[in-house]
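Chain order of the listed sequences is A and B. Per numbering that gives the first Met the number 0, the first sequence starts with residue 0, numbered consecutively. Per numbering that gives the first Met the number 0, the second sequence starts with residue 0, numbered consecutively.
Since the hints were derived computationally from the structure, they do not count as laboratory data. Hints are supplied without guarantee of correctness; some may be wrong.
As the list claims (entries may be wrong) - Some chain A residues judged to face chain B by a derived CB distance under 10 Å, without partners named:
#	residue
1	R9
2	L47
3	L49
4	P129
5	I147
6	K156
7	T169
Using N, Cα and C, we set each Cβ at its ideal position, and we do this for glycine too.
2 protein chains.
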Amino acid sequence: MVSSAQLANRCSVNAAQVRKDLAYFGEFGIRGVGYYVKDLLQDIKRILGLNKEWRMAVIGIGNLGSALLSYKDFLKQNYKIVAAFDINPLEVIERVSEKLGQPVEVIHISRLKEVARDRRIEIGIITTPPSEAQSVANLLVEAGIRGILNFAPTQIKVPEGYIVKDVFFTSILDNLAYLLSNS
Amino acid sequence: MVSSAQLANRCSVNAAQVRKDLAYFGEFGIRGVGYYVKDLLQDIKRILGLNKEWRMAVIGIGNLGSALLSYKDFLKQNYKIVAAFDINPLEVIERVSEKLGQPVEVIHISRLKEVARDRRIEIGIITTPPSEAQSVANLLVEAGIRGILNFAPTQIKVPEGYIVKDVFFTSILDNLAYLLSNS
Chain A
0 MVSSAQLANR CSVNAAQVRK DLAYFGEFGI RGVGYYVKDL LQDIKRILGL
50 NKEWRMAVIG IGNLGSALLS YKDFLKQNYK IVAAFDINPL EVIERVSEKL
100 GQPVEVIHIS RLKEVARDRR IEIGIITTPP SEAQSVANLL VEAGIRGILN
150 FAPTQIKVPE GYIVKDVFFT SILDNLAYLL SNS
Chain B
0 MVSSAQLANR CSVNAAQVRK DLAYFGEFGI RGVGYYVKDL LQDIKRILGL
50 NKEWRMAVIG IGNLGSALLS YKDFLKQNYK IVAAFDINPL EVIERVSEKL
100 GQPVEVIHIS RLKEVARDRR IEIGIITTPP SEAQSVANLL VEAGIRGILN
150 FAPTQIKVPE GYIVKDVFFT SILDNLAYLL SNS
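Generate coordinates for the entire structure from the input sequences, incorporating the hints supplied.
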């Protein structure tokens with residue numbers, strides 16, 4: 000069993016918040032006692048869409064893209080990179096394979112649609128230069144890849160039903176700089 | 000001049016939101032006309048703490064750390080990486096210099112405090128394995144570095160007056176997975 004206080008402590012929030020957040024999704028645990036860890040884990044995974052494997056592609060294998068290819072934390076969760084694409088795969092394969100110390104497969108971007116279907120890719124990670132991000136997003140949309148994680152520092156537009164999450168390092172730094180300036 | 004509608008369009012929000020957000024910080028622009036671009040830029044930079052250069056250190060020069068060393072978008076803004084630290088600098092220098100195609104200075108972590116003072120470092124970027132993140136954060140605190148950008152997928156604790164911003168790739172993917180599962 001685990002109590003909301005114990006969960007709160009692990010997450011650096013307060014216990015009331017933990018209970019409130021869980022209550023938003025239904026009834027969990029036993030009042031005054033806590034939660035069965037195993038049940039709660041399964042419930043949370045189901046709520047979050049993590050009771051399945053998410054198959055991802057990285058597009059643009061520069062420094063950041065290749066860092067993501069070897070990012071260990073993805074595999075601990077249910078995120079699996081099943082394809083890497085670049086406009087210049089031959090050059091990239093050599094550089095990245097040497098760097099990661101293992102052979103890496105990088106596919107030409109022109110094959111995105113076909114590979115996305117064969118490998119059932121659901122999430123595309125854009126790590127191209129910003130100038131290429133929108134055209135890559137268009138290819139992802141065309142391939143029916145509904146989820147996009149965008150690291151290219153530019154706004155991209157997608158049709159309804161597609162979801163983009165941006166990871167803009169400088170925006171996060173802007174937020175930090177603001178807090179540092181005003182504290 | 001630029002209107003709130005034009006700004007809104009660029010940011011994919013609505014014009015009322017732009018006006019409301021700016022009003023939060025004071026009086027800007029001319030009602031019914033718009034904003035002087037040059038003045039507005041300066042005002043926003045001042046509000047955000049971007050009217051100065053922020054001097055940063057990266058700690059942990061693995062794949063992600065070295066990708067950040069060559070991340071071009073930082074320099075377009077006022078963010079400057081002025082030092083890189085690792086526990087194993089000699090090995091790292093060779094690998095990263097080759098990868099980035101230019102000599103890179105990497106300093107042993109034991110010199111953090113001294114270098115932080117000499118180079119006036121204000122922001123520390125943690126890209127170590129999660130097991131090392133808290134001890135690196137402690138060193139940053141000891142060196143008086145008040146801002147921390149934490150890429151290591153673990154919660155770190157700092158005393159009051161210090162600010163941590165986390166960039167957890169899997170948390171962002173969790174959010175994307177949730178949205179994909181529920182749409």
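Taking the hints in turn, this is what the structure says about them:
no., hint, result
1, R9, "8 Å, holds"
2, L47, "5 Å, holds"
3, L49, "6 Å, holds"
4, P129, "8 Å, holds"
5, I147, "8 Å, holds"
6, K156, "8 Å, holds"
7, T169, "5 Å, holds"
In terms of the numbered hints stated before, the structure departs from none.
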